[in-house]
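Visitor: As a plain string of letters, each chain reads:
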Amino acid sequence: MGATFRESMGWLHTWSGLVVGLLLFAIFWTGTLCVFDREIDRWMNPSTRLVYAGEPIAIDGLREEAGRLSPRTAPWAIVLPTSRDPALWIGYRGRGGFERTLFDPLTLKPVAPAESWAGTRFFFPFHHTLHLRMWNLGTWLTGLAGVAMMVLCISGVIIHRKIFVDFFTLRRSRQPHRLLLDLHNTTGTLGFVFYFIMSFSGVTILASVYYPSGVWVAFEGGRSGYVRDTYDVFSRPRLNQPGPPLGSLDAMVATAREAWGGLNPGLVRVFHHGDRNSYVEVRPSIEAEVAMRTDPFFFDAATGAVLYRTYIRETSQVQQFLTGLHFAQFRHWTLRWLYFALGLLGCVLIVTGLLFWIESRRKAHAAAGWKGVGFVEGLTVGGTGGMVLATLAFFVANRLLPSGATFMGGARYELEIWVFFAAWVLSFAHGWARRGAAWIDQCWLAAGLCILAVILNAATTGDHVLQAWTDGKLAVAGMDLVLLAGAFAATVTAWRLQHRRQGAASKQFRHHPLEGQSS
Amino acid sequence: MAKAASASSSAPVGAGKVVVRVLAIVFGAYAASAAVVAAGVAGLILAGVNKSDAFTVCSILGFLLYVGLAIWAAAARRLVPMVGTLLFVTAAGTGIGFLPALIGGA
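Just so you know, the protein sequences line up as chains A and B, in that order.
Numbering-wise (my numbering), the first sequence opens with residue 1 and increments by one.
Numbering-wise (my numbering), the second sequence opens with residue 1 and increments by one.
To be clear, the hints were calculated from the coordinates, so they are not data collected in a lab.
Keep in mind that a hint or two might mislead.
What the hints assert, rightly or not - Away from chain B, derived, C-beta distances all over 12 Å, residues of chain A:
hint : residue
1    : Ser8
2    : Trp15
3    : Ile59
4    : Ala148
5    : Val209
6    : Ala218
7    : Asp229
8    : Glu258
9    : His332
10   : Thr334
11   : Leu335
To be verified - Example chain B residues on the side facing chain A (calculated, C-beta under 7 Å, incomplete):
hint : residue
12   : Ala38
13   : Val41
14   : Ala42
15   : Gly48
16   : Asp53
17   : Cys58
18   : Ser59
19   : Ile60
20   : Val67
21   : Trp72
22   : Ala74
23   : Ala75
24   : Arg78
25   : Thr85
Ideal Cβ positions, reconstructed from N, Cα and C, are used throughout, including at glycine.
Here chain A stands alone, though its shape is the one from the complex (with noise of 0.2 Å):
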């Protein structure tokens, strides 16, 4: 496309770069998110803050819970907690679909429902669906994004002559787009390894999908083949007669523990309860190591004899250990953050990208009476700006709408994410109507949304920052925490933004009066 390489790759990295940014902004944020979607979970669903350090669980006392919760006809599960997930559930399809009832992990008494999507049922699907159900729409631009972030990762490389240097500079200059380029260099060598696995493992997660031509060669069946063959999944058709009651779960349990090496349970699920051919599946935690092993076991359900344990292959154990690696549900604090971390700078990496976009171009445009970078700047506000707000909107509204609060036809968890999504169109027309400006008002607007987070937290739950830490709720403490420095990194990017703003604008009255005099 250029009459060199480098060229051709500098319009690839521009074009492609501004096209799919403002997708990639919001994948971004989301994964962001997600890396801590159980502890979002926790601050949003406060029946959940439970304190569970891994005692041991004897789940056999469930058993008349869930036979009587779940009709016959579907198979029903329970969920086993971690440090991080401390509510013990059963699932099972009930009238309004899949539903779940929570209980203490310690005294098996059921808990208040979560009445919020919160991370793992909003942002996580957010992640890879953008909430687009329609012909998996949302599914395809989410892998298209992968792949363009790969592409933009090489291409940005390609364009860099001097990749060491630029690891170590940043000039604080007083022209905004060296700044930012600089700034987008520091990001882009900083992560970069990280960008390109995340990327990569976020797209094989989902290979099945990406690639139907493959499946339809190897399978019969389709994508359900696919899962049958590759996940050796096992089943037996129910007899319609009645059988046995269902044997001790727990030794069932303890059985695939002790074959696992002693790796936790993590779900237990019944299938045709009640009838002859009824078994039992029992799957890992997927808290122990990276890969997201499956490793089922099958019981026969009222002896407990196994009846089949999965073999997974090596080929796809691999894939499993890049679906790992990119999940980070595998127990490790300092990764976490540090995956917490990447994913900010990456979001930071986009948004200054974008915003060297618009600046390198903006004399240019208005000298020419373009309109593109206008367009770009207020599309960039409400992308980027407006999807934190979004986010900010949505965790107060899940503070102030009460229990069981019903508008419209919506449960509570939807008028959440009405409020998220309304906040994120809200912040594109403020972007335009704004422009340059809107980023001063949005940071100003995103740090009172935090503080603001934080007291009704405080105020309608109790747990605030010291009482929570007190009484083990780190992940409350944790959220809250983050919520502050938030606001604190908003206050003073809006502060210094509304100098610079004022600055130059009294520089340019300065300015005036002595040009005239010289001329």
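Since chain A is already given, all that's left is putting chain B on it; use the hints.
Guide: Only chain B this time, still in chain A's reference frame:
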């Protein structure tokens, strides 16, 4: 966008050519990589490799091929041979990938 693109590169390029190149980068490179994945899976299965192994290996490498082809499609000097090559790879890959199934099914 085409206007600005030509402003930033040395030689002015027609809007039509830019559109064709963008389509080649996004869809052409994908189609070619998907066809090669199909061909690779069929080839490995014929060679006696397990189906899941064949698919997992080829699809994971397929993404890297897509990235490589997209970069090449952006950099290639001449538009027509580039588009021609992508189309040829797509056709050949699809042929190799689905031929065994067609013969086996008949």
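Visitor: Does the nearest C-beta of chain A fall within a distance shorter than 7 Å of the C-beta of Arg78 (chain B)?
Guide: violated (11 Å)
Visitor: Confirm or reject the statement that Ala148 (chain A) sits farther than 12 Å, beta carbon to beta carbon, from all of chain B.
Guide: violated (8 Å)
Visitor: Against chain A, is Val41 (chain B) within 7 Å by beta-carbon distance?
Guide: holds (4 Å)
Visitor: Less than 7 Å between beta-carbons is the criterion; does Ala42 (chain B) satisfy it with respect to chain A?
Guide: holds (5 Å)
Visitor: Can we trust that Ser8 (chain A) is non-interface, i.e. its beta-carbon lies farther than 12 Å from all of chain B?
Guide: violated (4 Å)
Visitor: Have a go at the Gly48 (chain B) hint: is there a Cβ in chain A nearer than 7 Å to its own Cβ?
Guide: Not OK, violated: Gly48 (chain B) not within 7 Å of chain A, min 14 Å.
Visitor: Would the stated hint for Ala38 (chain B) survive a check requiring a Cβ distance to chain A of less than 7 Å?
Guide: Holds: closest Cβ of chain A sits about 4 Å from Ala38 (chain B), inside 7 Å.
Visitor: Can we keep the Asp53 (chain B) interface hint, with Cβ of chain A closer than 7 Å?
Guide: Holds, about 4 Å.
Visitor: Would you assess whether Trp15 (chain A), listed as outside the interface, keeps its beta-carbon beyond 12 Å of every beta-carbon in chain B?
Guide: Nearest chain B Cβ is 6 Å from Trp15 (chain A), so the label is violated.
Visitor: Does Asp229 (chain A) clear chain B by more than 12 Å, comparing its Cβ with all Cβ atoms of that chain?
Guide: violated (5 Å)
Visitor: Go through the hint on Cys58 (chain B) and say holds or violated, using the shortest Cβ distance to chain A against 7 Å.
Guide: Nearest chain A Cβ about 6 Å off; hint holds.
Visitor: Would the hint on Ala75 (chain B) stand, with a C-beta cut-off of 7 Å toward chain A?
Guide: Hint on Ala75 (chain B): holds, closest Cβ of chain A at ~4 Å, below 7 Å.
The earlier numbered hints that this structure contradicts are 1, 2, 4, 5, 6, 7, 15, 21, 24 and 25.
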